[in-house]
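Chains A and B, in that order, are what the protein sequence lines are. Under the numbering used here, the first residue of the first sequence carries the number 1, and numbering increases by one thereafter. Under the numbering used here, the first residue of the second sequence carries the number 1001, and numbering increases by one thereafter.
Think of the hints as simulated: they come from the structure by calculation, not from any bench. A hint or two may mislead.
To be verified - Straight-line C-alpha distance at most 30 Å; calculated DSSO-like pairs for lysine-lysine:
| # | chain 1 | residue 1 | chain 2 | residue 2 |
| --- | --- | --- | --- | --- |
| 1 | B | K1003 | A | K121 |
| 2 | A | K3 | B | K1003 |
| 3 | A | K3 | B | K1121 |
| 4 | A | K94 | B | K1003 |
| 5 | A | K94 | A | K3 |
| 6 | B | K1094 | B | K1003 |
There are 2 protein chains.
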Amino acid sequence: MSKLLDDIVREFSRLPGVGRRTALRLSMQVLRWREGDVAEFVRAVSDFRTGIRHCARCNNLSDNELCDVCANPNRDRSTVCVVEQVGDVMSIEKTGQYRGLYHVLGGVISPMSGIAPSDLKIDLLTENIASGAIREVILAISTTVEGETTLFYILNRLKQFEGLKITTIARGIGFGDEIEYADELTISHALANRREVEKAD
Amino acid sequence: MSKLLDDIVREFSRLPGVGRRTALRLSMQVLRWREGDVAEFVRAVSDFRTGIRHCARCNNLSDNELCDVCANPNRDRSTVCVVEQVGDVMSIEKTGQYRGLYHVLGGVISPMSGIAPSDLKIDLLTENIASGAIREVILAISTTVEGETTLFYILNRLKQFEGLKITTIARGIGFGDEIEYADELTISHALANRREVEKAD
């Protein structure tokens, strides 16, 4: 068969959830695009991979040293919302209800998937807290087994900070559900009803 | 938010069946690829769009003037299998049971979708038959309403050719099913049990 077709089908098949059938369908769509559209697609993919960075302060995806949230002087720098991944930041930002900063862990602790605490940006979080201005840490982590493990690990790491308010978003989000997939109302509600954690010793 | 992330999410969202959530997931995968992998992906997409052609004889996708099937001297040039789309050629080739040539219509007649007979490569088919060597035309078209409409339209166009054997693949494929999604055994069976069409007048 056509080598060009084979190549594009193989490449699309490397994307998650895309089998050969879907890859063929995506390829046919590329054929329907104008050449300018294809150039834009290709440029966006390429520029993203080469240009995207992690925000030096919060680990969010960013075009610059600091992400748009951290660089925004109007954000409340005394509150940090800790999330698993970039998609969570996007979901929370869409509610327009949150004015503080974020901290993107980059995943959750998962022995099954070989993700250890050291694979997450937890040191960066404690460094940020140690350096001053943060008065409240909101833990917006999914209520999955891995999420709960991560939550308790972080709580333990934060015990050292006297006077730091630690909250978790209200459990309006069903157990086992991922934050990324919750609707905006549920996320808004969960943020507004966050509760302070009783620090066990 | 990040412009680079916005751009790649928007571009992935233009693919069929890909919403914002999926686009974000695909983007995160791109981030996990090595830069060389991204370069290969981008090159495959770009080269496909600029380099791919339609075979001058059968309308199959091709890297050259003639596709690999038409250019292969070992294929039986007296038999042509008429299919809707490129995916059908790939499915039939995978059975390894068919040694003839193909003819890719490029769709089916569908007034609902604004696809008229003139949008399909039917003239090219009758030209190929008029020019000589073809003795049998196998109509391997889906048994959908549009497929049946297309089948009868083509039968009508082929009436002019005296002595031409016209067959349809056996109806081992369920009514309403698309050929592209049938399994290899069903397709093999359907090809082996093709029956000659009684030419109505």
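Handout entry: Holds or violated: A/K94 to A/K3, with C-alpha atoms at most 30 Å apart
Key = violated, 43 Å
Practice task
Could you grab the alpha-carbon distance between A/K3 and B/K1003 and see if it respects the 30 Å cut-off?
Solution key: violated, 34 Å
Handout entry: Restraint check for A/K94 with B/K1003, where alpha carbons must lie at most 30 Å apart
Key = holds, 16 Å
Exercise for the section: For the pair we were handed, A/K3 and B/K1121, check the Cα-Cα distance against 30 Å. Expected result: holds, 23 Å
Practice task
With a cut-off of 30 Å on the C-alpha distance, tell me whether B/K1003 and A/K121 pass.
Solution key: holds, 23 Å
Problem - Pair hint B/K1094 and B/K1003, alpha-carbon separation not exceeding 30 Å - result: violated, 43 Å
Hint compliance for this structure: hints 2, 5, 6 are broken, all remaining hints hold.
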